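The residues making up each chain are set out below.
2 protein chains.
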Amino acid sequence: MIREVGFRERESVNSALEKLISRLKALDIVEVGVYSCYGHVLAEDVKAPFEVPPFDRAAMDGYAVRAEDTFGASISNPILLELSGSVEIGEVPNISIEPGKAVKIVTGAMMPAGANAVVMLEYTRLNGNFVEILKSVTPMKNVSRKGEDVKHGEVILKKGEILQPQDAGVLASLGIEKVKVYRRPRVAVITTGNELVELGERSDGAKIYNSNNPMLCNALLEHRFEAISLGIARDSKNEIREKLESALKYDAVVITGGTSVGPKDVVPEVVSEFGEIVFHGVSMKPGMPTAAAVAENKPIFMLPGSPAAALLGFYTFVIPALYKLMNVRIVARKWSRQRGILQGRVPSEIGVRSNVRVLWDDGKVYPIRISGSGILSSFVRSNALLIVPEDREGYEEGDEVEITLLRDITEVFE
Amino acid sequence: MIREVGFRERESVNSALEKLISRLKALDIVEVGVYSCYGHVLAEDVKAPFEVPPFDRAAMDGYAVRAEDTFGASISNPILLELSGSVEIGEVPNISIEPGKAVKIVTGAMMPAGANAVVMLEYTRLNGNFVEILKSVTPMKNVSRKGEDVKHGEVILKKGEILQPQDAGVLASLGIEKVKVYRRPRVAVITTGNELVELGERSDGAKIYNSNNPMLCNALLEHRFEAISLGIARDSKNEIREKLESALKYDAVVITGGTSVGPKDVVPEVVSEFGEIVFHGVSMKPGMPTAAAVAENKPIFMLPGSPAAALLGFYTFVIPALYKLMNVRIVARKWSRQRGILQGRVPSEIGVRSNVRVLWDDGKVYPIRISGSGILSSFVRSNALLIVPEDREGYEEGDEVEITLLRDITEVFE
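Chains as they are written, first to last, in the working numbering: chain W, 1 to 414; chain V, 1 to 414.
Treat the hints as calculated values from the structure; they're not laboratory data. Given the structure is predicted, the values throughout are model-derived calculations rather than measurements. Wrong hints could be hidden among the right ones.
As the list makes no split between identical chains, a pair holds if one copy fits it or if it spans any two.
[As the list claims (entries may be wrong)] In silico BS3-like links for lysine-lysine, alpha-carbon gap of 25 Å or less:
{"id": "1", "residue 1": "LYS47", "residue 2": "LYS159"}
{"id": "2", "residue 1": "LYS104", "residue 2": "LYS207"}
{"id": "3", "residue 1": "LYS285", "residue 2": "LYS47"}
{"id": "4", "residue 1": "LYS25", "residue 2": "LYS151"}
{"id": "5", "residue 1": "LYS285", "residue 2": "LYS334"}
{"id": "6", "residue 1": "LYS47", "residue 2": "LYS207"}
{"id": "7", "residue 1": "LYS249", "residue 2": "LYS207"}
{"id": "8", "residue 1": "LYS285", "residue 2": "LYS141"}
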């Protein structure tokens with residue numbers, strides 16, 4: 001007697017989303033320049049075209065020497081080496097080091113032939129044309145070795161990474177100007193409702209301004225998708241059909257209102273002329289009448305007309321599906337904080353704030369060893385930051401720490 | 001004897017940052033359209049230009065009635081009312097309800113004169129030209145009252161809010177097409193170093209590609225700031241001076257390299273010709289040689305040349321200072337998860353995922369009561385989302401819950 005209005009079956013959020021995602025394929029692959037690659041999803045493994053550093057270089061300011069010449073040196077027993085020139089950063093040295101000689105060198109400069117170590121400036125004293133060495137060095141001390149950071153051909157960034165500023169730095173350091181990424185979807189936005197008028201139009205007494213289109217265009221903007229507002233369709237099959245025809249020139253369509261099962265709710269029926277309905281009705285509040293279809297790899301999201309339900313449906317279904325069009329699933333977001341157990345000791349000095357790059361993986365936090373020059377690759381091999389505050393002398397292995405993700409954690413679909 | 005190279009004094013990160021921030025004022029105020037306002041910082045309090053809803057409207061599909069006419073109705077004792085027309089959404093009803101009469105109405109439609117309640121369709125039965133009322137209603141039952149969501153003149157968004165998609169929805173629903181926001185800073189990026197070549201240039205054996213500029217341009221892009229790369233200055237005062245002159249046409253300058261205290265580290269000296277050095281040397285690793293100056297309200301950030309130190313210095317100093325140019329400090333980021341104690345009960349149905357809008361404030365979580373139509377304002381009065389998963393029957397007052405922020409939490413400077 002008392003009618004039950006509603007859906008006969010409602011799907012769980014996860015099952016509805018997975019059904020939708022499984023029916024979508026990645027868009028085409030395009031190239032993007034390294035100066036503006038942020039947020040794009042990498043569509044290829046990027047391999048290092050040369051070694052980094054590309055040559056042995058000084059890791060400290062000081063004197064390039066043959067390590068053997070310094071053995072036994074100390075403050076009380078300085079060893080004298082003859083100064084035979086200097087090497088500046090960016091120049092190819094035209095000197096080679098003979099036994100008993102030293103060459104002045106700065107951090108980052110190419111090691112001259114014959115030299116195999118750098119004595120730090122602090123442990124030397126200039127004496128006319130001679131340098132007094134006050135401390136011995138072992139071979140390769142204070143030298144960043146060719147290839148120690150990145151090997152030639154090594155995969156430096158994997159397909160499916162969402163490119164971050166540090167990745168742009170890594171790519172540039174390898175001389176790479178462009179990378180292949182998945183094209184970002186362009187998304188058409190339509191709202192339906194006889195009661196609606198567009199912003200800027202005059203509203204008579206009973207009309208309501210279209211708030212869903214501005215809201216959803218900004219929600220797309222927030223995630224760097226291009227949004228095309230196609231305005232309002234009245235609750236008529238013809239108007240909705242016409243708007244949908246225009247909308248399907250883009251890669252995805254978001255349409256709000258008219259998604260329930262009342263007599264005016266004609267959206268799912270019209271959409272089904274264009275593509276297959278994947279789900280209609282989900283166990284979610286607000287947002288029960290949410291639906292989705294796919295027409296030739298173009299998702300058509302049908303969100304309820306209520307702005308709250310529309311926005312929550314957008315975050316729940318639209319964003320993950322749009323990322324599927326770029327072949328990835330986001331598992332954890334950049335800047336989110338995560339906890340984990342430290343897998344190694346992290347020393348730090350009292351009074352200094354240390355920004356330690358770590359790799360966070362499934363509740364474990366691995367400190368990343370940073371070699372002399374391995375600074376860029378440390379950002380690629382790590383994915384998170386552990387900040388040691390000024391009042392702590394580091395952390396011990398086994399400590400539970402909180403880290404901040406410095407990149408989105410993604411899963412790539414095949 | 002053994003020289004100590006470095007800074008005589010190093011400032012703590014917080015003290016350096018606060019000194020810098022205290023010397024910066026907000027940029028000018030500009031207007032932005034509601035369709036693309038996402039991420040802009042509001043420079044004015046926005047007041048509602050009319051009430052929301054702007055008229056009494058039906059909150060359910062059913063029949064608009066005089067509540068008094070339904071008193072005593074039940075399934076076993078239906079009351080007959082005469083059907084005298086219908087009101088569609090978006091139209092101004094030309095009917096008024098006389099005693100003993102009912103008008104068909106849909107959710108969102110304007111209540112006809114004389115009616116003060118809606119009987120849900122489920123509790124009625126159509127019988128020729130009469131409606132059988134199977135359940136009595138109290139006055140204003142299933143009616144969204146004029147102004148119940150937002151009062152005329154009520155401050156709906158405060159100066160200092162970082163505008164979100166839901167705010168765009170609220171503004172549009174009030175017919176507001178543009179709002180006043182702080183202009184976003186345009187930021188010039190320079191790097192220094194004799195060893196550097198620009199991407200695309202041929203690198204001889206000892207040259208290194210400029211990776212800091214692409215990295216920092218992307219880091220600015222990540223935060224929606226306009227980045228202008230001015231390329232490489234060699235380690236010469238003249239070249240740095242020339243680049244700085246061009247850079248100071250913009251609102252802020254980021255310059256990397258040459259910030260330490262060695263003989264080639266001429267950046268702070270040249271910068272001091274243009275403005276006052278605010279700090280030089282901070283207790284941070286990496287990034288100790290970080291410095292900043294201010295020239296006529298334009299911050300000049302001097303970051304170390306090492307990419308890791310440059311990027312961490314960027315996030316530590318540049319981002320907060322650029323937000324100060326828009327008059328706010330970000331206290332907690334949108335999408336971050338926070339914990340708090342629930343200040344009221346949150347019911348939910350087993351098998352349904354509930355998205356509950358809550359206000360998170362200093363470790364307390366307040367559920368937001370959502371009136372019939374109060375959907376948009378619920379997003380403005382709340383700042384976070386509490387998701388009740390399918391397997392839970394809600395939460396009790398006093399439960400510790402985890403919420404997701406749906407907006408950045410900001411402090412506004414005066």
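Now the hints, each set against the structure:
Taking CA atoms no more than 25 Å apart as the test, LYS47 paired with LYS159 passes inside one copy only; the shortest distance there is 11 Å, against 48 Å between copies. Taking the shortest Cα distances, LYS104 and LYS207 sit within 25 Å of each other only across copies (19 Å), while inside one copy they are farther apart (79 Å). For the homomeric pair LYS285 and LYS47, neither the shortest alpha-carbon distance inside one copy (46 Å) nor that between copies (30 Å) is at most 25 Å. Taking the shortest alpha-carbon separations for LYS25 and LYS151, neither the intra-copy value of 34 Å nor the inter-copy value of 47 Å comes in at or below 25 Å.
In the homo-oligomer, the alpha carbons of LYS285 and LYS334 lie at most 25 Å apart only across protomers (22 Å), although the nearest pairing inside one protomer, at 27 Å, exceeds that limit. Taking the closest pair of Cα atoms, LYS47 and LYS207 come within 25 Å of each other only across two copies (20 Å); inside a single copy the shortest separation is 58 Å, beyond that limit. For a Cα distance limit of 25 Å, the shortest separation of LYS249 from LYS207 qualifies neither inside one copy, at 30 Å, nor across copies, at 47 Å. Proximity of LYS285 and LYS141 under a CA criterion of 25 Å is satisfied inter-copy only: 22 Å between copies versus 63 Å inside one chain copy.
Checked against the numbered hints listed earlier, the structure breaks hints 3, 4, 7; every other hint is satisfied.
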